[in-house]
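Asks: Residues per chain are reported as follows:
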Amino acid sequence: MSTLLDVLAAACLVAGSGLALAAGVGLLRFPDLLARSHAATKPQVLGVLLMLAGLGFWLRSGPVTSVLVLIGLFQMVTAPVAAHLVTRAGYRTGKVTSESLAVDELTQDLRSALHKEGESER
Amino acid sequence: MTVVLIFCGVLLVTGAVLVLVRLQRGPTMLDRTIALDAFTAILIGAFVLIAVATRRRDIVPILAVLSLVGFVGSVTIARFAAVEPEGEGRILTREEVAALERERLAAEDAELAASDDEHHGGPAQGEVTG
Numbered sequence: 001m002s003t004l005l006d007v008l009a010a011a012c013l014v015a016g017s018g019l020a021l022a023a024g025v026g027l028l029r030f031p032d033l034l035a036r037s038h039a040a041t042k043p044q045v046l047g048v049l050l051m052l053a054g055l056g057f058w059l060r061s062g063p064v065t066s067v068l069v070l071i072g073l074f075q076m077v078t079a080p081v082a083a084h085l086v087t088r089a090g091y092r093t094g095k096v097t098s099e100s101l102a103v104d105e106l107t108q109d110l111r112s113a114l115h116k117e118g119e120s121e122r
Numbered sequence: 001m002t003v004v005l006i007f008c009g010v011l012l013v014t015g016a017v018l019v020l021v022r023l024q025r026g027p028t029m030l031d032r033t034i035a036l037d038a039f040t041a042i043l044i045g046a047f048v049l050i051a052v053a054t055r056r057r058d059i060v061p062i063l064a065v066l067s068l069v070g071f072v073g074s075v076t077i078a079r080f081a082a083v084e085p086e087g088e089g090r091i092l093t094r095e096e097v098a099a100l101e102r103e104r105l106a107a108e109d110a111e112l113a114a115s116d117d118e119h120h121g122g123p124a125q126g127e128v129t130g
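Order-wise, the sequence lines are chains A and B. Under the numbering used here, the first sequence has 25 at position 25, and the numbering climbs by one with no breaks. Under the numbering used here, the second sequence has 15 at position 15, and the numbering climbs by one with no breaks.
It is worth saying that the hints were derived from the structure and are not from the lab. Bear in mind the structure is a predicted one, so any value in this text is a computation, not a measurement. Do not take every clue at face value.
What the hints assert, rightly or not - Simulated coverage check for chain A against chain B, where a stretch passes if three residues somewhere in it have a Cβ under 8 Å from a Cβ of chain B:
hint : stretch
1    : 1 to 14
2    : 17 to 23
3    : 30 to 37
4    : 51 to 60
5    : 74 to 86
6    : 89 to 103
Glycine is no exception: its CB is placed at the ideal position from the N, C-alpha and C atoms.
Please work from the sequences and hints to get the whole structure.
Replies: Structure below.
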């Protein structure tokens with residue numbers, strides 16, 4: 001049983017570290033802000049959760065596991081907030097080009113909202 | 001387990017170096033912010049590896065602090081993000097800084113030469129009384 005848990009811990013640690021490496025490669029090679037943000041948020045949630053699970057399987061103690069679950073929840077709350085705000089600021093300061101996106105609903109919505117506003121003023 | 005830990009450490013350090021390269025290159029402030037966030041996540045991973053290697057439990061609070069505080073910086077930067085002119089976010093090379101400095105000094109000299117020297121410590125003019 002303990003050997004199984006050790007192997008599980010090792011697998012989780014290796015997977016989490018692999019995600020960190022993938023984020024580095026993605027950050028370096030991807031061309032624009034949104035793609036880089038996509039690559040950088042992988043280790044922030046899944047990578048950190050895998051590493052924490054590895055630590056939990058390795059230490060196998062109740063109090064530590066509860067704190068680790070709490071850390072995972074913190075990370076799942078804070079990482080999306082940061083990523084959302086950064087990409088929103090990027091969109092508002094014109095660092096996102098609509099041509100490079102497959103779907104760009106925000107620009108369409110903004111255009112139609114402006115259009116409606118113009119009609120209601122008339 | 002030692003082999004696994006060394007392998008994980010190599011992966012993490014390689015990822016951190018690549019993230020740091022992006023942090024240096026930019027091109028905009030927001031790219032650097034994203035790289036900083038990824039670096040914080042990798043830092044958490046490194047602390048986990050230390051905790052696994054030494055079986056220390058007192059490292060766990062450090063992870064909690066990092067996961068709670070790590071996002072404050074990027075939120076602040078995103079709040080104050082402004083439209084940057086093209087090429088503004090780049091770190092200048094030594095030659096470019098020297099050229100800018102020469103330009104500034106030349107502009108200052110030209111301004112000094114253009115203004116008349118009458119009011120800059122010339123002899124007293126007109127009738128001096130008292």
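Asks: None of the hints should be skipped; say for each whether it holds.
Replies: Okay, the hints, checked on the actual structure:
Counting residues of the stretch 1 to 14 of chain A whose CB lies closer than 8 Å to any CB of chain B gives 5, so the stated coverage by that chain holds, three being the minimum. Counting residues of the stretch 17 to 23 of chain A whose CB falls under 8 Å from any CB of chain B gives 6; the rule of at least 3 is met. For the stretch 30 to 37 of chain A, the proposed coverage by chain B is satisfied: 3 residues have a C-beta within less than 8 Å of a C-beta in that chain, meeting the threshold of three. Requiring three or more residues with a Cβ within less than 8 Å of a Cβ of chain B, the coverage given for the stretch 51 to 60 of chain A holds, as 6 such residues are present.
Figure legend: the stretch 74 to 86 of chain A, annotated as covered by chain B; annotation consistent (9 residues with Cβ-Cβ distances under 8 Å, at least 3 required). For the stretch 89 to 103 of chain A, the stated coverage by chain B is satisfied: 6 residues place a CB nearer than 8 Å to a CB of that chain, which reaches the threshold of 3.
Violated hints for the displayed structure: none, as all numbered hints are satisfied.
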